[in-house]
Amino acid sequence: MQIYLPIAEVSVNAFLLLGLGGMVGILSGMFGVGGGFLMTPLLFFIGIPPAVAVATEANQIVASSFSGVLAHLKRKTVDIKMGVVLQIGGLIGAALGIQLFNYLKSIGQVDLLVKLAYVVFLGVVGGLMFIESLRAFLKSRGSTAAPARRRHFWVHNLPFKMKFRTSGLYISVIPPILVGVLVGVLAAIMGVGGGFIMVPAMIYLLGMPTKVVVGTSLFQIILTTAFTTMMHATTNYTVDVALAVLLLVGGVIGAQVGTRIGVKMKAEQLRVLLSLLVLAVCLKLGLDLLLEPSELYSIGAEGH
Amino acid sequence: MARLLAFLAAAWLTLTPVAAQAETIVAGLSQNRVSITATFVGSEILIFGAIKRDAPTPDEMLGITVVIEGPSHPITVRRKEKRLGIWVNTDSVDVNYAPSFYAIATSGPFDQLITPEIDEVRRISIPSSISVLQTEGGPDAADFAEAVIRIRSKNGLYRMQEGAVNIAQDTLFDTRIELPANLTEGVYSARIYLTRDGEVVATHTAHIDVQKVGLERWIYNLAHEQAFLYGLMSLFIAVAAGWGASAAFRLILRS
Numbered sequence: 001m002q003i004y005l006p007i008a009e010v011s012v013n014a015f016l017l018l019g020l021g022g023m024v025g026i027l028s029g030m031f032g033v034g035g036g037f038l039m040t041p042l043l044f045f046i047g048i049p050p051a052v053a054v055a056t057e058a059n060q061i062v063a064s065s066f067s068g069v070l071a072h073l074k075r076k077t078v079d080i081k082m083g084v085v086l087q088i089g090g091l092i093g094a095a096l097g098i099q100l101f102n103y104l105k106s107i108g109q110v111d112l113l114v115k116l117a118y119v120v121f122l123g124v125v126g127g128l129m130f131i132e133s134l135r136a137f138l139k140s141r142g143s144t145a146a147p148a149r150r151r152h153f154w155v156h157n158l159p160f161k162m163k164f165r166t167s168g169l170y171i172s173v174i175p176p177i178l179v180g181v182l183v184g185v186l187a188a189i190m191g192v193g194g195g196f197i198m199v200p201a202m203i204y205l206l207g208m209p210t211k212v213v214v215g216t217s218l219f220q221i222i223l224t225t226a227f228t229t230m231m232h233a234t235t236n237y238t239v240d241v242a243l244a245v246l247l248l249v250g251g252v253i254g255a256q257v258g259t260r261i262g263v264k265m266k267a268e269q270l271r272v273l274l275s276l277l278v279l280a281v282c283l284k285l286g287l288d289l290l291l292e293p294s295e296l297y298s299i300g301a302e303g304h
Numbered sequence: 001m002a003r004l005l006a007f008l009a010a011a012w013l014t015l016t017p018v019a020a021q022a023e024t025i026v027a028g029l030s031q032n033r034v035s036i037t038a039t040f041v042g043s044e045i046l047i048f049g050a051i052k053r054d055a056p057t058p059d060e061m062l063g064i065t066v067v068i069e070g071p072s073h074p075i076t077v078r079r080k081e082k083r084l085g086i087w088v089n090t091d092s093v094d095v096n097y098a099p100s101f102y103a104i105a106t107s108g109p110f111d112q113l114i115t116p117e118i119d120e121v122r123r124i125s126i127p128s129s130i131s132v133l134q135t136e137g138g139p140d141a142a143d144f145a146e147a148v149i150r151i152r153s154k155n156g157l158y159r160m161q162e163g164a165v166n167i168a169q170d171t172l173f174d175t176r177i178e179l180p181a182n183l184t185e186g187v188y189s190a191r192i193y194l195t196r197d198g199e200v201v202a203t204h205t206a207h208i209d210v211q212k213v214g215l216e217r218w219i220y221n222l223a224h225e226q227a228f229l230y231g232l233m234s235l236f237i238a239v240a241a242g243w244g245a246s247a248a249f250r251l252i253l254r255s
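In order, the protein sequences belong to chains W and R. No gaps in the numbering here: position 29 of the first sequence is 29 in the working numbering, and each next residue is one more. No gaps in the numbering here: position 82 of the second sequence is 82 in the working numbering, and each next residue is one more.
In short, the hints are calculated from the structure, not lab data. Be aware that a few hints might be false.
[Unchecked claim] To give an idea of the interface, some chain R residues facing chain W are shown, with a C-beta separation under 10 Å as derived from the structure:
hint : residue
1    : 24
2    : 28
3    : 32
4    : 33
5    : 147
6    : 150
7    : 216
8    : 222
9    : 246
[What the hints assert, rightly or not] Some chain R residues flagged as far from chain W (calculated, every beta-carbon gap over 10 Å):
hint : residue
10   : 31
11   : 38
12   : 45
13   : 115
14   : 128
15   : 191
16   : 237
17   : 242
Beta carbons are placed, not taken as given, at the ideal position from N, Cα and C, and that holds for glycine.
Chain W on its own, in the form it takes in the complex:
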């Protein structure tokens, strides 16, 4: 069934969009990533203009994260206090990121920088996670070892200490705020929720328990992407509500399925899978930059 999208101004198959939404939704629920880093390139691939894809994706992430958070709240695997602290940083970061994005746009080359940012961040995060989680995975198979003692970094001893009961942490609020800012900047530049950065940052930098990481990350993503959606809607007019609704109907159902799969799996297994996924996307984007494109020319609106 073909449907004409009012803002994207293209006609696409509605079932294709539902399917894409569902697939990415499952990943979103399983790993606590918004799925934007997969969905945005997929939307480019089916012919949605990049500006519309990025803005609409932000809107869709709000919805799929919302449904994911509901599932996590029921199981009490959301550290709301930590989430709020991260969100404060996230909003500061998103505001900074949009300024930076507009600056890059004005000097051209924004596509290249976005792609390079993807390759670098996905490569580093995916690689680190893969090595670490594979080690943990192999260890856990060898013996049912006692849960590793949470590491305590010097960053945790900064001032403004706060108690995060759900996570069982008593640390300074400065590291979570900085993580939030970094994720906010990346979210605005790369058009993603930023979960793929935040999940490892929460595990390795803040030392949060893996079971609350996914829910808390989804919780933080909601506000950051809602803010990004509003910015895109009011400055670029590129949010396509029809496209978003189709993606999210598939997405919310997928997220529910994904959350249930995630609960049944071991944390180490989840991390190995997520890191492989991140590395695969990184490789694909890297090859796009390295291999000669079949069409060297591209058409853009004037001044972009």
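Please build the complex by placing chain R on the supplied structure of chain W, with the hints as guidance.
Relative to the frame of chain W, chain R by itself:
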């Protein structure tokens, strides 16, 4: 069909010659309004007409060329080059006139119907309809213009249908031009050229309004005129649908 013929006859009678031309075109379109709805998958326009003569039929080779042209928006074309091992956009050229849609249908091989000199003046062929700003010492504009044609032809936006115009008894003609689903809104022009031995002897122009209607129109207008409200509405719909689908899924699982 009867209505079509009646229309043709009426047009024939009312449009008595104004110019001293030996031949004139009388023509009509199957629709002069294309509505883009949620289920729009493209459209087809039938262009038909007749050649009206005051004098006996000339001997020179008769040709009909039909052009449908969409609105033009200025674009920038960029070219990638390998720099430090990766492919980067380097040179760019501003194209100040490139129609968003351009379809040509002819009654025979294009270069036999219209001479290159006439084409240059009238800008009928696809390459001559595009105008690139050539800057001093800048990259070769011709390559960039070719790229526009190549990319848009691939997307079905530029097309040349030689021999697609049927001519009956040297007088009546008709052709069909398909409009793809990825149309840009705006006023499209339909032009018909009557040629004799490569020279244009008569032309006819009509307009087609391509517009979004209904829900598509409403969403588009809201997004542009009430952007803040539209953003809030998008978020509300997203959150409501997220919550609704989640609740529905739980109900299904429970039952």
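Checklist entry - Which hint numbers does the structure go against, in order from smallest to largest? => result When the structure is compared with the hints, numbers 1, 2, 3, 4, 11, 16, 17 turn out to be violated.
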